[in-house]
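Participant: One letter stands for each residue in the lines below.
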Amino acid sequence: MQTFDVAVIGGGPAGMAAALEASGSGARVAVLDEYGRMGGQFFKRAAGDFRLQPAQLSAEHASGERLRAQVAEKGIEVLTNTLVWGVFEDRLLMLYREGRSIALRPRALIIATGAYDRPVAFPGWTLPGVMTAGGAQTIARTQWVKPGQRVVIAGAGPFAMPVAQQVARSGAEIVAIVEATRPSEWLPHAGALWGQWPRFREAFNYWRSLRGVPVAFGHKIVRAIGEGCVEAAEIAAVDKTWHAAAGSHRRLEADAIALAYGFLPNVEIAEACGCELAWDPFGSAWFVRCDERMATSVSGVFAAGEITGIAGSAVAMAEGRLAGIGAARFVGAIDAAEAERRRRGPAGERSRLMRFADALNRLFGPRPGLWEGMEDATTVCRCEEVTAGDIRSCVRAGCASVKGIKDWTRAGMGPCQGRVCRSLVSELLSRESGVALREVQRARIRPPFKPVPFDAMAQSEAAEAPQ
Amino acid sequence: MPRADAGLRTPGIERGAAFAIEVDGRPLRAHAGETVLGVLWGAGMRSLRLTALKGEPRGFLCGMGTCFDCLVTVDDRLNVRACLEPVRPGMRILTRQGHADL
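These protein sequence lines are chains A and B, in that order.
Position one of the first sequence corresponds to residue 1 (our numbering), numbered consecutively onward.
Position one of the second sequence corresponds to residue 1 (our numbering), numbered consecutively onward.
Next comes chain A alone, as it looks inside the complex (with noise of 0.2 Å):
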């Protein structure tokens, strides 16, 4: 393996836009990718076996292997099926690939590791058949899987919608849309919409393909039920703040259920390589840090797409380019004017699109309701199995941070390293102790990021010659 100018982590929208543009520039670029192929979440693809119609691929499915078949043929090193399992100082990267643990240090990085459907806590989420909206889309689209044979949609935002669509497209019956807000809260937000003509195209595609689809407006998710899988949801109306209004249950037969709450950004790379974050209240999540250039706090770092803001593909394939463009610059491919240059089409993309993107995340930014589901014998840390009252108990008996909480009781312990509790386990000590969200200590991120055996790590190696 050679010596690269820029790594990026993440072969999703962001990371492809920001390899096209580093290499444009005349850097050496390798995209890590955790997957076997790149496209990240967005442009995710059943494989290349199954032999799909045109109208069975997706509406972004051209796009995607178009920028595919670019990176390929830029000279790009691919390295697929690669796991970034630790970073250390100076940008030294740990990778995790067929089986050996490599040492790779770029001269500059740039993080584009994406984000993941919020979870959210409730009696019975458990069970197999309640499924993020990710999720049921994945099987759905990759695996042409119904996720169910009946399914409930529950979340708050127009993500639901793509996801209906392909649920509806695997076979499955749609028994419902269960949509937190209410139209009427949408109207404040409606001047956000001007000069977003495509959104309004695609909202119409949407609405055309799921007619005859039921919508609870005003409602929201509150019980699983079944024995050994979902048999049913029951759902009831909600007030602005999302707690459930007395009386208003209601039982909806189904075998599965979607959560489409929204999405967490995936920050754990950016944060263990020192990177600043900054608290969003709407989103309910730490984001990284970026100035308008996508730098980082940390020198030759650069982040892209949903780990600073989850804006939808577009605006991360512009945050895309304008890394490639500051790491390039950084290693010095280009000079300064020129990448002045470079910069004003994304940037100037980028502002326009954020306008839209921020208006979304205030109406449909998780509320203070949401998290009422976790009743005390509710698991909140899937992986250990302990349960909401286990983490009051141990606040109320003096643990004050996410990381005393672990310790005591395994919550964030397990092999997802906490990405699936780590925001529930936050919300519970804040409530509990009344210290706010953002002043939660959090727990520090730790190597390895995802599990990785012992043996391959004692044996690392170092991906390139000495210089």
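Be aware that one or more of the hints could be misleading.
Lysine to aspartate or glutamate pairs mimicking DMTMM-like chemistry, simulated, CA-CA at most 20 Å apart [unchecked claim]: (1) A:K240 x A:E372; (2) B:K54 x A:E227; (3) A:K450 x A:D407; (4) B:K54 x A:E98; (5) A:K403 x A:E439; (6) A:K403 x A:E385; (7) A:K450 x A:E461; (8) B:K54 x A:E271; (9) B:K54 x A:E461; (10) A:K450 x A:E227; (11) A:K450 x A:E385; (12) A:K403 x A:E271.
Some, not all, of what chain B presents toward chain A, calculated at C-beta under 7 Å [to be verified]: (13) E14; (14) F19; (15) G33.
Rather than coming from a laboratory, the hints here were simulated on the basis of the structure.
Just so you know, even glycine gets a beta-carbon here, dropped at the ideal spot from N, CA and C.
Following the hints, put chain B in place on chain A, whose structure we already have.
Facilitator: Only chain B this time, still in chain A's reference frame:
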């Protein structure tokens, strides 16, 4: 093991070449291009493992390798994420009871 009413594979889709795999000692049909999760879920298998402490059934949550809920044993490899593992002819899969060594 609880099963859905019928298989959940979308009918009328032209899949890759069919072959047999072994799941908990029994043969199951799979297609090139599918993941282990696709095959199991498509066959109507909902519980991919029972948890170590409480013995609760689990399926999959995220489908993208983040949640580690869909762990199965594949050809004696423990804790393989079913959602990320491409299926191969002759693969032996054990849906699991509790945690194996990590």
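Participant: Which numbered hints turn out to be false for this structure?
Facilitator: 4, 8, 9, 10 and 14
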